[in-house]
Amino acid sequence: MAEKGFKRSDGRKMDEIRKMNAKVGVVPNADGSAMFSFGDTIAIAAVYGPKKMHPQHLQNPEKGTLRYSYNMLSFSVTDRIRPGPSRRSQEISKISEWALEPVLMIEDFPNAVIDVHVNILQANASTRCAGINAAALALAHAGIPMKNMVASVSIGKLDKQLVVDVSKEEEDWEKGEGATDIPISFTSDGKITHIQLDGKIGTKQLKEAIGMAKKACAEIHELQKKVLKESIPEK
Amino acid sequence: METTRITGERIREYMLSGKRFDGRNLEDFREITIEKGVSKNAEGSARVKIGNTEVVVGVKMSVSEPYPDSPDKGNLMVTSELLPLSSDRFESGPPRIESIELARVIDRCIRESKFIEFEKLCITPGEKVWTVFVDIYSINADGNLIDAAGIGALAALKNAKIPEYNEKEGVVYGSLTNKKIPVKKEIPLSITFHKIGESIIVDPTQEEEDVSEARVTIGSHEGVISSMQKGNSKEIKEDEMFKILDLNEKVWKELFLKIEKSFKD
Amino acid sequence: MTERKVVIPGEVLAKGEEYLPGENTEKRNGEIVSIRFGLAEESNNLVKVIPLSGVYHPRKGNVVIGKVENLTFNGWVIDIDTTENAFLSLAEVPRYVNKNNLKEVLDMGDMVVAKIYDSNKKSIDLTLKGRGFGKIEEGMIMKINSNKVPRIIGKEGSMINLIKDETKCNITVGQNGIVWILGDKVEDELLAKKIVLFITEKSYINGLTEEVKKWIEKERKK
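Chains as they are written, first to last, in this note's numbering: chain A, 1 to 235; chain B, 236 to 500; chain C, 501 to 722.
Source of the hints: derived by calculation from the structure; they are not laboratory data.
Be a bit skeptical, because a hint or two may be false.
To be verified - In the BS3-like style, the derived pairs of lysine-lysine whose C-alpha atoms are separated by at most 27 Å in a straight line are:
id, chain 1, residue 1, chain 2, residue 2
1, C, 714, A, 147
2, C, 694, A, 23
3, B, 396, B, 284
4, A, 147, A, 51
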């Protein structure tokens, strides 16, 4: 439902996701790996584990531990990022971990850790969402038992208009009420495992945004399914 | 899984007959692919694959004050990260010594060969010069990250374009001029030689690298050497070193022939 | 559903009360759902998923190959590439071992073929008692994903025997995915390694034995 005369700078429809691309097995050394992109935002994920958890004091004797690390390459953005962890990347790592943990069935791996390493090769907003999508693929690819898959997308409110899959230009929207950015992750059976928001939005519209995210995540899930299935050729 | 001792014995024994497990000769590189411009927000970038080893390198540029002892020259800074993504041997945390050494070896190879014409990167002497950042990342580690990083750095530098700069806005990222980073036409390729038992090889797989006793990285162009580094803890006999130097000239020519079109404009 | 098809976590495999959830599946609201990326298979209403990837689960009776990580006062800690280390006690070696000289029997870095005689949440216990177990003196070691081991061995050993015949090598496949190859010539060992890798890449196809035979012929012609 478009506000009168509203046009997205790249010509997309309001509920249109940028062209997505995904592939598994991109890091041969890893137990599972994948690449996922929304337009110009490219994320790669590699999973190692389950394996012994070091240091020992971090071991959980009741079940396995998921350890997610999100990192942007220095040249993935226009203003070079000094290599090394930042508070932003540490926070994104944690909320991404929480986005995936609910679907993992890792009670059978006490004292073990599953490491998920996500790196952003090129950034055009929605990097944490691309990261979660790549990570879910990599976890499945690695043979980790999972109740469901997880998909992630960002919903934006640009002035008063809701849009799906925010690009950098849209993230920087300044007209009217400015930009509100809402990254959301859904399991493939429709449960929310992650939601963040910054900006300004009323309750009714937020509910609408969540509905749009659910629909978009279902679309992303179809791509994830296709990519995993096609990675095992018939002959 | 680290190469087991018994497999190591097989590797050494087989190399004595001049062959390696994947069918290569001792002086052969694996298949190399070089892709340029793989990351749009970088001023220049490249992805290099040697066999299953993969690195990506990006070039970023910024404007700052020059160093006091070189007021009319631009600067270079090379960093590298052995990403935990690329191997179960790399953990998150402060840089490993392998990463630090790799960056410094590639830095010296580029710097000492005077590949980049730093005087042409001066905007206002004593006030504003360009700094070139070369950031190297491992994506899959299967041996010989150093040489892959070296080729990647050179390809990314050749691919890079200088961004617009004006007094008012400073650097206008995302807006590239058509000017390339000024470099000499002599490409300083670095090649690493490994001593395994009695054999000298190039381009080891991870399995081979695990049993490497000593290594020498040589940065050179057509026999003129500008940088060298010996690593790992065993010793090299003088005649073995001379053999490496001779081999360097030969292997350099073959390697350069294989990849030179990636360095053409 | 008679043909094996590739499925992903969360995918519904069968609907109806008559179906039973087998390995790597669970029943949710009358539906059988996969909890793994793998090949779904149904027989006699039992639906299971054969994994294509994932870590090794140690089981009593499994033959495994491991590397000595550490020597303790009464045995050896062996790395068998799982989340827990395995332990081989002095008492499980079928010969006299001088307590002060464990190194003579097995030293750090040595490879060993052993059997798991007990495996529980706390530990994995190994034994060398039995034929074919002990230190590996020479040969080549390679690692494959443990889920592919059944394909390397084949029905009643048919595949592994094919490899042995074609390469004249002795091949021991640990259930944990570590493989020991021993031949008269390095070339034979390398061919065996290549065949094993070929099988792991094509492990999901039907008529694998024929494919392997054809492929070996091609390799020989090179």
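Hints, verified against the model:
1. 714/C <-> 147/A: Roughly 40 Å separates the two Cα atoms, so the pair is violated.
2. 694/C <-> 23/A: 26 Å, holds
3. 396/B <-> 284/B: Within the cut-off at roughly 23 Å; holds.
4. 147/A <-> 51/A: 20 Å, holds
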